[in-house]
Amino acid sequence: MLWKIMLGIYILIVTVAAFVYAPGAAGLGDLSRIIYFHVPLAWVGVLAYLVSMLNSIRYLKKPDRDFDFRAVFNAEVGLVFTILATVTGAIFARHTWGVYWNWDPRQTSIFILMLIYAAYFVLRSSISEEENRARLSAVYCIFAFISVPLLVFIIPRLYTTLHPDPIISSSGLEMNGQMLQVFFAALLGFTGIYAWIYSLQIRLYKISQRWEGQ
Amino acid sequence: MMSDLYIVLTVCMISWLGIFFYLLRLDRRIARWEKKVK
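Note that the protein sequences, when read in sequence, are chains A and B.
Here this note's numbering is used: position 152 in the first sequence is 152, and no number is missing along the way.
Quick note, this note's numbering runs 1000 ahead of the 1-based positions in the second sequence.
With the rest of the complex left out, here is chain B:
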């Protein structure tokens, strides 16, 4: 069904955004640690 498809699409997009912002935050944190260690 069309509405089911959009529900799955929304779940996939939210999941990716969650993973993406987690990786982005981790990236920034690692960049801070790199500055500290230098």
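So that you can see chain A by itself, here it is in the shape it has in the complex:
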């Protein structure tokens, strides 16, 4: 319980640091502070998709319901965090480009990614037989994850985009020391939130399994 309370205080400190300690980026000003939330949200999304894919592989190796549950749960978390990253990105776009959504390559690729993972849940809901559903969705999940690096990292960089890559570009992180400290602290904090949510869901799953067994 202690680490959870520490996490709560830590996120509060990171939030204050993002607004008070870190300076605004050159050219973007205070708007750049959204990266301390937008990028960690996207990072947790990608991390959850990765864990989902790893559990899908584990399921195909050893068909255990536990792995299937972990794959589904992580795909859900990934989708929720991707939606939140898209919303924060759209808020940034509204204040810099003038519109929330303009089908920029970055926005289009994240939209396709969300559709791919939404299709994963459609696939699952369309198969009633439990074993078939788990096996087919595990195969789909592995292929879906192949699209993640393509849609998040590669395709948006092949086209001209309004997305402010200069902050985190192919040449590395172009932030000053204070910005970097808050940025990595935020990444760590959001990963902690993901770990907490994951542990809650696993505990809930185990309770439901025990109830079913009784």
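Errors might be hidden in some of the hints.
Stated by the list, open to error - Cross-link-like lysine to aspartate or glutamate pairs, in silico, EDC-like; alpha carbons within 16 angstroms at most:
| hint | chain 1 | residue 1 | chain 2 | residue 2 |
| --- | --- | --- | --- | --- |
| 1 | A | Lys-61 | A | Asp-104 |
| 2 | A | Lys-206 | B | Asp-1027 |
| 3 | A | Lys-206 | B | Glu-1034 |
| 4 | A | Lys-206 | A | Asp-66 |
| 5 | B | Lys-1036 | A | Glu-212 |
| 6 | B | Lys-1038 | A | Glu-212 |
Hints were generated in silico from the structure; no laboratory data involved.
For this one, chain A is given, so just place chain B on it according to the hints.
Structure of chain B alone, referenced to chain A:
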């Protein structure tokens, strides 16, 4: 503007506190269920 920045900061902090206490309450509830199921 500086005051706008503090408004956004306050909204972010209140939002996080809301999420945090929700997760904490859920955690305690799950701990109670775990004791019941054991």
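Hints, verified against the model:
no.	hint	in the structure
1	Lys-61(A) x Asp-104(A)	39 angstroms, violated
2	Lys-206(A) x Asp-1027(B)	14 angstroms, holds
3	Lys-206(A) x Glu-1034(B)	9 angstroms, holds
4	Lys-206(A) x Asp-66(A)	9 angstroms, holds
5	Lys-1036(B) x Glu-212(A)	14 angstroms, holds
6	Lys-1038(B) x Glu-212(A)	13 angstroms, holds
Hint check: a violation occurs at hint 1 only; the rest are consistent with the structure.
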